[in-house]
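Take these sequences, add in the hints, and give me the full structure.
Listed below are the residues making up each chain.
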Amino acid sequence: MAILQIREAINQAIAEEMDRDPGVFIMGEEVAQYNGAYKVTQGLWKKYGDKRVIDTPITEAGFAGIGIGAAMAGIGVRPIVEMMTWNFAILAFDQIINHAAKARYMSAGQFKVPIVFRGPNGPAHMLGAQHSQALESMMAHVPGLIVMTPSTPYDAKGMLKSAIRDDNPVIFMESELMYGQKGEVPDGEYLIPVGKGDIKREGTDVTIIAWTKMVAVALKAAAELEKEGISAEVLDPRTLRPLDEELIIASVKKTNRAVIVEDSWPFASVGTEIAHRIHTIAFDHLDAPVEKINGADVPMPYAENLEHEAMPSPEKVIAAVKRVLYR
Amino acid sequence: MKKEKTTTDQPRWADLGLSDQKLISMYRDMLLIRRFEERSAQEYGKGKIGGFCHLYIGQEATGVGAIAALRDDDFIYTAYRDHGQALARGMSAKECMAELFGKVTGVSKGIGGSMHFYDLSKGFMGGWGIVGGHPPLAAGTAFATKYQGRDSVTICFMGEASTNQGVVHETLNMAELWRLPVIFITENNGYGMGTAISRAMAGENLYDKAAGYLMNRGAVNGMDVIDMYREMKKAIHLARTEFRPTFLEARTYRYRGHSMSDPGQYRTKEEIEEYKKKDPIETFAKELLQWGVLTEAALERMEEEIKTEVQEAVEFADASPQPPLEMLHQNVYA
Chain A
108 MAILQIREAI
118 NQAIAEEMDR
128 DPGVFIMGEE
138 VAQYNGAYKV
148 TQGLWKKYGD
158 KRVIDTPITE
168 AGFAGIGIGA
178 AMAGIGVRPI
188 VEMMTWNFAI
198 LAFDQIINHA
208 AKARYMSAGQ
218 FKVPIVFRGP
228 NGPAHMLGAQ
238 HSQALESMMA
248 HVPGLIVMTP
258 STPYDAKGML
268 KSAIRDDNPV
278 IFMESELMYG
288 QKGEVPDGEY
298 LIPVGKGDIK
308 REGTDVTIIA
318 WTKMVAVALK
328 AAAELEKEGI
338 SAEVLDPRTL
348 RPLDEELIIA
358 SVKKTNRAVI
368 VEDSWPFASV
378 GTEIAHRIHT
388 IAFDHLDAPV
398 EKINGADVPM
408 PYAENLEHEA
418 MPSPEKVIAA
428 VKRVLYR
Chain B
204 MKKEKTTTDQ
214 PRWADLGLSD
224 QKLISMYRDM
234 LLIRRFEERS
244 AQEYGKGKIG
254 GFCHLYIGQE
264 ATGVGAIAAL
274 RDDDFIYTAY
284 RDHGQALARG
294 MSAKECMAEL
304 FGKVTGVSKG
314 IGGSMHFYDL
324 SKGFMGGWGI
334 VGGHPPLAAG
344 TAFATKYQGR
354 DSVTICFMGE
364 ASTNQGVVHE
374 TLNMAELWRL
384 PVIFITENNG
394 YGMGTAISRA
404 MAGENLYDKA
414 AGYLMNRGAV
424 NGMDVIDMYR
434 EMKKAIHLAR
444 TEFRPTFLEA
454 RTYRYRGHSM
464 SDPGQYRTKE
474 EIEEYKKKDP
484 IETFAKELLQ
494 WGVLTEAALE
504 RMEEEIKTEV
514 QEAVEFADAS
524 PQPPLEMLHQ
534 NVYA
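From first to last, the protein sequence lines are chains A and B. In this text, residue positions in the first sequence follow the working numbering: the first is 108, and each later residue adds one. In this text, residue positions in the second sequence follow the working numbering: the first is 204, and each later residue adds one.
Be careful, since some hints might not be right.
Not close to chain B: a few residues of chain A, all C-beta gaps over 12 Å, as computed [as the list claims (entries may be wrong)]:
no., residue
1, GLU137
2, TRP152
3, LYS209
4, VAL301
5, PRO349
6, GLU352
7, GLU422
8, LEU432
Okay, derived cross-link-like pairs now, BS3-like style, lysine-lysine, Cα gap no bigger than 27 Å in a straight line [as the list claims (entries may be wrong)]:
no., chain 1, residue 1, chain 2, residue 2
9, A, LYS219, B, LYS297
10, B, LYS325, A, LYS219
11, B, LYS479, A, LYS219
Hints listed in this document are in silico derivations from the structure and should not be mistaken for laboratory results. Don't be surprised by glycine CBs; every beta carbon is placed ideally from N, CA and C.
Spelled out as structure tokens, the structure:
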């Protein structure tokens, strides 16, 4: 068992899949000679060379589309397209939504689109509005896309390997602030399947549902709550589309209460969808309406105090848990 | 376009190695497209075809001349005006008409519609509806064939108006930078929907847009199937042997509106009539007769055959079932 940073775990996943399948390559801004803007692709260019580790011009829509067309050819090519951040990937949404997500359906199943778009998502620290936004809800809205959001090195590696082997377009959303986060990663090969969530902490009184960066916030809140005798379960869906509804419903049936934590905007978010499903499927098991903690419904300000105010925090989660417990 | 009968007593395609059979099939493809599209217009009027329907009438030589120059293992992308290229690639009139009728026997099982014809087995990659959205995909398929060590080429039909889109320029840049075996065929029919290109584009020649990328480029008479074939052969050779992309401006004209709902008030009747004098099918027929490739009797027979083929396509489409309801949720994911 090695202790790895998330960036190292992702790097391992890419390298292992490139070793396993010569059709896998990675392209994006600064992925090759610069070793990645966040050093996720460190050493890959040296190891695999120009053919398989490709620096692109700063043209997100263009190289996203090139990746899609390569995947669609049906000749064993599986591109990984790195988006330096998902903020910039907005330029490529036409390619992802109108082309990658629809090619298979519009052709009545003739095409497979085995491609991964990956990069950091969500607010980081004092980057201002254009570089601080969580966009998973926009991607999860689209049928034809798979959306994965890892929260630990172990998950990041196993999930990315599954994403690369999947025959569908996968949106793989990491977090800039988490690249240095460390955790145990087994030495041998393992896969974490698409669509499988994970209980990050067991509990009996309330289910806190969170993904990527918000898992840590939820775990911090759960540790504090334990001191007050409240047993919180922390559930990480890991894949947002398709959602592990079974795991979520089973947990809520056990705890009878749920709080959802996400750093995206609140309107029409993934959390809204999860809350809706809990309310409709597990209504009779609920002892309180589902609570949702989001980032503030504003473009992200730069000032540190305002940014902090805009973000979910353990304190806000604790308050929400107490509301659903009527305490 | 050169006038025939210069000093030589050979046809102008003598150097191209085209057999009579190939010439006849190129002519037949153009005529089939013309008759198919005329019938599509009628069926649209009857309410058998829904939504948007963009006809290829007038532009037949561009699609047929280009596709005739390809190998079976090459790939084709096009925009939403895609019926003509599909027929030229050998997709059947029956399955194409059934797609327009929204039937399960269609090329995309009725799920795609007029703008989304696909046949992966023929390298026909569609059929895309967002102006300028598909050229990056074409470059990507070219990237994949080169990556896998194949010598296939990918051709990409696109409208002239798409060359004002940013992503098209991103694609031209990378295609040249990475030496991708892709040929961009800009079908310049003069109008982006109802806006004349002169009102939408700074600059004079469309192909100049590729100059900034130092890409091989030029213009061709897209109303002439032989000129089209000739220029494509050169571009394909460059792509196949040297991985060099080409930007080819095919100057052509559409006789009908942008789509079936176009009142056409942005151009004059005289302009349309002027182009019809240069009709790609009529002029090619004259040449084929002149050089004895076809006889009047053979032309008449072909006209009859195609009439039957299109009639049978309509009957087939009409008689075919709609997609079953369970197809609604199929093929969202692999």
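Results for each hint:
1. GLU137: Correct as stated: the minimum Cβ-Cβ distance to chain B is 16 Å, above 12 Å.
2. TRP152: holds, 16 Å
3. LYS209: violated, 9 Å
4. VAL301: It is violated; VAL301(A) is separated from chain B by about 10 Å at its closest Cβ, not greater than 12 Å.
5. PRO349: violated, 8 Å
6. GLU352: Non-interface label stands for GLU352(A): nearest chain B Cβ at 16 Å, farther than 12 Å.
7. GLU422: holds, 40 Å
8. LEU432: holds, 39 Å
9. LYS219(A) to LYS297(B): Answer holds: LYS219(A) to LYS297(B) is near 26 Å, not above 27 Å.
10. LYS325(B) to LYS219(A): At roughly 16 Å apart (the allowed maximum being 27 Å), LYS219(A) and LYS325(B) satisfy the hint.
11. LYS479(B) to LYS219(A): Given pair LYS479(B), LYS219(A) is violated - Cα atoms ~42 Å apart, limit 27 Å.
Consistency note: the structure conflicts with the earlier hints numbered 3, 4, 5 and 11.
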